[in-house]
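Generate coordinates for the entire structure from the input sequences, incorporating the hints supplied.
There are 2 protein chains.
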Amino acid sequence: SISHFLCVFLHIERSDFPQGEMDWVAIESDSSNVQKRPELHRMMETVAQKLQLMGGTVQLVDIGEQELPDGQTLELPKVVTAQFGNDSSKHTVCIYGHVDVQPAKLEDGWATDPYNLTEINGNLYGRGASDNKAPVLAWIHAVEAYQALSMDLPVNVKFVIEGMEETGSNGLDAMIMAQRDTFFSEVDYIIISDCGWLSRRPALTYGTRGNCYFFAEVQDLHSGVYGGTVIEPMTDLIGILDTLISPSGKILIPGIREAVAPLSDEEWKMYQDIQFDMDNYKNKIGVNQLMYSNKVDLLAHMWRYPTVSIHGIEGAFSDPGTKTVIPAKVTAKFSIRQVPDMDPAMVKKQVTDYLHSVFAKRKSPNKLKVTMVIGAKPWLADTHHPLYEAGKVAIKRVFNMDPDLIREGGTIPIARTFQDVTGKSIIMMPIGGFDDGLHSQNEKMSSFSLSPRYNYIEGTKLFIAYLNEVSQIKRTSV
Amino acid sequence: SISHFLCVFLHIERSDFPQGEMDWVAIESDSSNVQKRPELHRMMETVAQKLQLMGGTVQLVDIGEQELPDGQTLELPKVVTAQFGNDSSKHTVCIYGHVDVQPAKLEDGWATDPYNLTEINGNLYGRGASDNKAPVLAWIHAVEAYQALSMDLPVNVKFVIEGMEETGSNGLDAMIMAQRDTFFSEVDYIIISDCGWLSRRPALTYGTRGNCYFFAEVQDLHSGVYGGTVIEPMTDLIGILDTLISPSGKILIPGIREAVAPLSDEEWKMYQDIQFDMDNYKNKIGVNQLMYSNKVDLLAHMWRYPTVSIHGIEGAFSDPGTKTVIPAKVTAKFSIRQVPDMDPAMVKKQVTDYLHSVFAKRKSPNKLKVTMVIGAKPWLADTHHPLYEAGKVAIKRVFNMDPDLIREGGTIPIARTFQDVTGKSIIMMPIGGFDDGLHSQNEKMSSFSLSPRYNYIEGTKLFIAYLNEVSQIKRTSV
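If you read the protein sequences in the order shown, they are chains A and B. For what it's worth, UniProt numbering labels the leading residue of the first sequence as 1, then goes sequentially. For what it's worth, UniProt numbering labels the leading residue of the second sequence as 1, then goes sequentially.
Keep in mind the hints are simulated off the structure, nothing from the lab. Heads up, a few of these hints could be off.
As the list makes no split between identical chains, a pair holds if one copy fits it or if it spans any two.
What the hints assert, rightly or not - Calculated pairs, DSSO-like style, for lysine-lysine (alpha carbon to alpha carbon, straight line, at most 30 Å):
#, residue 1, residue 2
1, Lys-367, Lys-105
2, Lys-284, Lys-392
3, Lys-369, Lys-282
4, Lys-269, Lys-295
5, Lys-348, Lys-250
6, Lys-329, Lys-105
7, Lys-269, Lys-424
8, Lys-284, Lys-361
9, Lys-329, Lys-282
10, Lys-329, Lys-474
11, Lys-90, Lys-396
12, Lys-269, Lys-348
13, Lys-367, Lys-282
14, Lys-284, Lys-369
15, Lys-90, Lys-250
16, Lys-105, Lys-284
17, Lys-424, Lys-367
18, Lys-367, Lys-295
19, Lys-284, Lys-367
20, Lys-361, Lys-295
21, Lys-250, Lys-361
22, Lys-250, Lys-396
23, Lys-284, Lys-474
Shown next, in the form of structure tokens:
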């Protein structure tokens, strides 16, 4: 078995890796920009073709249409499902991934063209390089490696690849519900690699925060005035946004902090034991001062407390230079990361009621509209589940060390959906680096080694080893 | 003389007016967007060629370069000067105008392509249609009308047409200084038509507010984090912006309100006598409620009190849709309209000191940088000056009514510069409507009559009549 692995690993190292990643990153599959929808459709077809060429049983599943704010509808990108192997004596894993990306423009501060994958010092720079195109390709390459060496897959492998993750996985929940008793019925385990390590050490992720994303729109419909005669919508919007968070970062919306599960002694001990260098983290994210000066507080606020972030304002002047227009309709975008035991429906009510109450106190003649456009729950797993034990063994085999057991500050809403709908066990197995810059400028698939493309190549080996470890899980323990 | 006017007026009514305006509006002469600089150069050449074809003595005056925020330099658009007539027995007027425009994109909410002049119900829609391309063309057409009928101009006419007005007339002050004793030495009066009426009644404008435009930049340089570990620059920026203005619109920056000249009884009486319908104004600007419920307070706050407007934030997410990026560097743009006796140098210090003090109280680890990028003084004229008396007669002749005597809430910095540098008397004579939407979406050259292009055509007639009235001003009264 060891010799088999060596063969597979050698095959991986000889492969011309970045070409697939380069082709995929070149497709501007931005799911939040409706203008880019044809690119997104092309992305899904590219994925389906790839899996079909590999001999998989592939379907492009129609998940319907999306309603736009203006009432128009737009076709959603199809979901790609695929199956390799159908041996009922083997376990079946289902790998989830997504191939849509966040918006990216060179002028946002990218050092390279975001849609032209560029290798610098072994790192692969491009929008979607780490989130989530390379991990999806690594899983595909893992299957290809077994195939190339004419080795049987140790488990049946299914894929579910979607194209709306970055805007809330529109249509996917309904698709999972619809196929719960068909495609998902034979699945034993669900694997997600849509996250990153905490340090230079490989990690297994056992929790994610959810996300409630809000639009707060203030408008008055005025036109063509200079200041002095109307209460300007921007003044009102700034005023209400300033009531969300205290200068020290405390959330001021009543009820939000009260809903959070208290930090247990066991959790405190667990965080305390994580090898996490605060100074290193500060350097890597590029700040001089963090909100918390001790490790436990910092990790806890990254992972298991809610946060409010204000992302920007639509409708106001946002270009370089000067413009004296007084906008008549401005929409703030902000989000609240969700943790146990918060409930998005409750958060929606808390935020809406609170903003309307602070707006009412301003006695403004303008109109406020608050809408929650994404409401994704958090997710938590048991780190002693056989899936995690198998992960620890695979990591030990490939990296010769124990993994960090971590949670994720960001949101992977689908984990929670899979858990709620299918009842299957889920593991998150990241291969991206902690400073990959997901959703930011200069996103990259990092290389945490002098060896170029280290995480991408070693990550693929990890997936190969993991498929083998999962095959060893005893039936009784499912 | 009356019969001469009738000839000229008839000529104007027969002219194919909108073609010149259409050609000019089609040039995207946006002075705040450095990418559009070639268009701006083309605009200045178009103006120069037009005046040259009319037989004027024309110069394209090099006014040097502009330094960009990144330290690079960019050639400024040349200033066009022109002269028609050189008879020392006549008065010489100098007409100032600008042909650069504010930014405009269809997606900002324009009903028509902003750079394709479109006539709807007699109104001419397009960016720059009213601010300031049509008024400049109306002056040119006025000169052309005299020429077409082989009539001598009653006064010598000079033109100064610039291309940087919308971003602070960079380079123009120095050019006026340099030509004070040459081009401007023979000038008796300066005429500016870069403003609008207050109502359906024609107006003469005797004052403008100045403008101090600020950038407030907060940054931390972080990258690739989800909320919870750093104090986000957006939170800090929103926090300090919220200290500029109270919910009811009161300016909170210490020292600003104290510097304003008190409202005199005479002024109060003057405002009280203006025929201004509050409900009509509310309807026209499209709001349900104004900041002040009586006419005098409203006009005073439009014209002679300072205001703070927040225009937008650069560097934050501003597109439609959702994006969870936490921006590392955000720059707010806001401006303070200046009135007597405020001093921009003092305002710069007051704003900078105040924002740094409120920022210091937040104890944020982030960095704040405050810069004043425009500092334009207000301007006031004497409404009993012969220039204004001549204006009242010309308006009576063309419109058969007395003008509103008004001030302008916006800024025409050049009026103050002309006054300070040349010492000449200045008049502002608007022809645009009060709801032309300058700097906003759907800017238009309005028609305040069932007759199409009424303001544009009658405005041209007014300029023709005014040149004649100015020629009657006695030498001694200069």
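Right, here's what the structure says about each hint:
In this assembly of identical chains, Lys-367 and Lys-105 lie within 30 Å of each other by CA distance solely across copies; the values are 25 Å between and 33 Å within a copy. In this assembly of identical chains, the alpha carbons of Lys-284 and Lys-392 lie at most 30 Å apart only when taken from the same copy (26 Å versus 69 Å across copies). For the homomeric pair Lys-369 and Lys-282, the shortest alpha-carbon distance between copies (22 Å) is at most 30 Å, but the shortest distance inside one copy (38 Å) is not. Only within a single protomer do Lys-269 and Lys-295 lie at most 30 Å apart by alpha-carbon distance; the minimum there is 11 Å, versus 68 Å between protomers.
Taking the shortest Cα distances, Lys-348 and Lys-250 sit within 30 Å of each other inside one copy (18 Å), while across copies they are farther apart (32 Å). In this homomeric assembly, Lys-329 and Lys-105 come within 30 Å of each other (Cα to Cα) both inside a single copy, at 25 Å, and across copies, at 16 Å. In this homomeric assembly, Lys-269 and Lys-424 come within 30 Å of each other (Cα to Cα) only inside a single copy, at 29 Å, whereas the closest approach across copies is 80 Å. Taking CA atoms no more than 30 Å apart as the test, Lys-284 paired with Lys-361 passes between copies only; the shortest distance there is 28 Å, against 42 Å inside one copy.
Taking identical chains as interchangeable, the C-alpha atoms of Lys-329 and Lys-282 lie at most 30 Å apart only when they sit on different chains, with a minimum of 17 Å there against 38 Å within one chain. In this assembly of identical chains, the alpha carbons of Lys-329 and Lys-474 never lie at most 30 Å apart, being 60 Å within a copy and 52 Å across copies at closest. In this homomeric assembly, Lys-90 and Lys-396 come within 30 Å of each other (Cα to Cα) only inside a single copy, at 23 Å, whereas the closest approach across copies is 97 Å. For a Cα distance limit of 30 Å, the shortest separation of Lys-269 from Lys-348 qualifies neither inside one copy, at 33 Å, nor across copies, at 53 Å.
In this homomeric assembly, Lys-367 and Lys-282 come within 30 Å of each other (Cα to Cα) only across copies, at 16 Å, whereas the closest approach inside a single copy is 42 Å. Taking CA atoms no more than 30 Å apart as the test, Lys-284 paired with Lys-369 passes between copies only; the shortest distance there is 24 Å, against 39 Å inside one copy. In the homo-oligomer, the alpha carbons of Lys-90 and Lys-250 never lie at most 30 Å apart, since the shortest distance is 50 Å inside one protomer and 72 Å across protomers. Proximity of Lys-105 and Lys-284 under a CA criterion of 30 Å is satisfied intra-copy only: 23 Å inside one chain copy versus 39 Å between copies.
With identical chains, the CA atoms of Lys-424 and Lys-367 are never at most 30 Å apart, being 46 Å at best within one copy and 48 Å at best between copies. In this assembly of identical chains, Lys-367 and Lys-295 lie within 30 Å of each other by CA distance solely across copies; the values are 24 Å between and 44 Å within a copy. Taking the closest pair of Cα atoms, Lys-284 and Lys-367 come within 30 Å of each other only across two copies (18 Å); inside a single copy the shortest separation is 43 Å, beyond that limit. In this homomeric assembly, Lys-361 and Lys-295 come within 30 Å of each other (Cα to Cα) only across copies, at 26 Å, whereas the closest approach inside a single copy is 40 Å.
In this homomeric assembly, Lys-250 and Lys-361 come within 30 Å of each other (Cα to Cα) both inside a single copy, at 22 Å, and across copies, at 16 Å. Taking the shortest alpha-carbon separations for Lys-250 and Lys-396, neither the intra-copy value of 40 Å nor the inter-copy value of 65 Å comes in at or below 30 Å. Taking the shortest alpha-carbon separations for Lys-284 and Lys-474, neither the intra-copy value of 41 Å nor the inter-copy value of 76 Å comes in at or below 30 Å.
This entry does not satisfy hints 10, 12, 15, 17, 22 and 23, going by the numbered hints stated previously.
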